[in-house]
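Trainee: All chains, full assembly: derive it from the sequences and hints.
So the sequences go chain by chain: Z and D.
Quick note, the first sequence lines up with residues 1 to 216 if you use the working numbering.
Quick note, the second sequence lines up with residues 217 to 350 if you use the working numbering.
No lab work stands behind these hints, which were simulated from the structure alone.
From a predicted model like this one, the values you see are computed outputs, not experimental measurements.
Beta carbons: idealized from backbone N, C-alpha and C, even for Gly.
Keep in mind that a hint or two might mislead.
27 angstroms max Cα-Cα, derived DSS-like pairs, lysine-lysine [claimed, not checked]:
#: 1; chain 1: Z; residue 1: Lys101; chain 2: Z; residue 2: Lys181
#: 2; chain 1: Z; residue 1: Lys101; chain 2: D; residue 2: Lys221
#: 3; chain 1: D; residue 1: Lys219; chain 2: Z; residue 2: Lys181
#: 4; chain 1: D; residue 1: Lys221; chain 2: Z; residue 2: Lys181
#: 5; chain 1: D; residue 1: Lys270; chain 2: D; residue 2: Lys346
#: 6; chain 1: Z; residue 1: Lys5; chain 2: Z; residue 2: Lys189
#: 7; chain 1: D; residue 1: Lys219; chain 2: Z; residue 2: Lys101
#: 8; chain 1: Z; residue 1: Lys5; chain 2: Z; residue 2: Lys181
#: 9; chain 1: Z; residue 1: Lys3; chain 2: Z; residue 2: Lys187
#: 10; chain 1: D; residue 1: Lys315; chain 2: D; residue 2: Lys326
Per the computed footprint, the stretches of chain D lying under chain Z, defined by three or more beta-carbons under 8 angstroms from a beta-carbon of chain Z, are [to be verified]:
#: 11; segment: 217-227
#: 12; segment: 234-240
#: 13; segment: 253-263
#: 14; segment: 337-348
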Amino acid sequence: MEKMKLIAGILVFGSLWGFSECIIGSVLRDYNLPAGAIMTGVFALGLMVMSRMLYRQRGMQLGMGLVAGTLRLFNPMGGCFICSAIAIMAEGVLFEILWYKISLDMHELQRPRLSASMGIVTSYCIYVGGYIVTQVLTPVLSSAGFYLQNLVFFIPQILASGLLAAILGGITLPAVLATQKLDIAMKDKLYYPITIGISLVCWLTVVANTIFILNV
Amino acid sequence: MGKEKLIPLVAIAVLLIGSLSSIYVYATQIDSESIDIDGQEYSIDELFFIVGEKTIETSAEEIFTGIALDETILYVGISNPEDHDYTLIGSDGYQKTVKWENMENGVLTKERRSIFSELPKAFRVRDIVKIEVN
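Mentor: Below is the structure:
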């Protein structure tokens with residue numbers, strides 16, 4: 001695959017992920033909904049699987065996590081934005097590890113039982129893993145420092161909160177794989193204007209939203 | 217074992233871990249209206265009556281008012297407070313340990329939530345039921 005095309009893909013899918021975390025995630029938090037589990041089980045997993053399906057490239061989801069995490073840092077509203085940014089980046093890394101043995105055409109996930117199971121496993125592991133990574137790294141980056149006992153005592157809560165993400169992942173992955181049959185194709189001429197345009201809209205919306213809220 | 221068998225088995229294990237953890241968390245949730253500070257019980261109203269209120273501004277320019285955490289510790293009678301660490305524990309088991317210099321920049325709100333002006337939001341422990349002096 002052409003390198004520039006892949007970079008544009010990472011940018012657009014990463015931006016969409018970051019945009020959903022910042023804007024939709026904030027709305028979910030305002031309504032006291034479990035934003036973290038919903039964001040991971042629906043948006044993060046959905047976008048990472050979709051990009052793997054369309055581009056068939058390993059390493060792309062790691063790049064998407066970095067783009068989305070960076071975008072999250074531009075939006076200091078709605079929960080701990082440093083924690084969220086770290087968790088998003090960790091989710092990209094964990095997805096790559098979990099999907100390393102899955103073929104690029106995903107032929108082993110064609111049966112609904114397997115795609116739903118893989119959705120459950122992936123969503124739960126990236127959510128719980130991301131949560132644990134952020135519980136370690138956020139204190140390390142602050143003046144308070146990291147205390148292992150803080151994490152150990154909170155592990156049951158983290159494992160419990162991943163259940164919703166797992167259930168959502170079990171629905172999201174088969175739903176995304178079902179779109180394979182739609183055979184979506186884009187004209188080469190339109191590829192760069194569309195990907196860069198969508199990425200720009202995502203970034204400008206998040207930055208404008210931040211400026212607007214800070215000035216209110 | 218092939219992927220066809222392994223993936224569903226791991227999925228079942230994951231769902232079991234999540235479910236059992238949820239049951240454990242629900243069963244061990246602490247339901248208390250008071251705060252245990254170094255072994256002594258206080259109600260939030262009592263603390264607000266005794267300890268002076270202060271307003272802090274966070275790095276995200278948010279403003280919070282509550283009782284000063286450092287004054288609360290001094291009121292409880294902890295000697296050499298700068299030599300200790302302080303673990304704030306929420307009713308759901310969430311806990312964060314901070315240093316004295318963090319306590320000096322922190323407040324406890326009426327909703328029993330800790331806010332520190334210079335620490336990330338991860339240090340905002342909700343429904344605090346205990347403050348341990350280490």
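Trainee: Each hint needs a verdict: does it hold in this structure or not?
Mentor: We went through each hint and held it up to the structure:
| no. | hint | verdict |
| --- | --- | --- |
| 1 | Z/Lys101 x Z/Lys181 | holds (23 angstroms) |
| 2 | Z/Lys101 x D/Lys221 | holds (15 angstroms) |
| 3 | D/Lys219 x Z/Lys181 | holds (23 angstroms) |
| 4 | D/Lys221 x Z/Lys181 | holds (25 angstroms) |
| 5 | D/Lys270 x D/Lys346 | holds (21 angstroms) |
| 6 | Z/Lys5 x Z/Lys189 | holds (12 angstroms) |
| 7 | D/Lys219 x Z/Lys101 | holds (9 angstroms) |
| 8 | Z/Lys5 x Z/Lys181 | holds (23 angstroms) |
| 9 | Z/Lys3 x Z/Lys187 | holds (17 angstroms) |
| 10 | D/Lys315 x D/Lys326 | holds (22 angstroms) |
| 11 | 217-227 | holds (count 6) |
| 12 | 234-240 | holds (count 5) |
| 13 | 253-263 | violated (count 0) |
| 14 | 337-348 | holds (count 4) |
When held up to the earlier numbered hints, the structure conflicts with hint 13 and nothing else.
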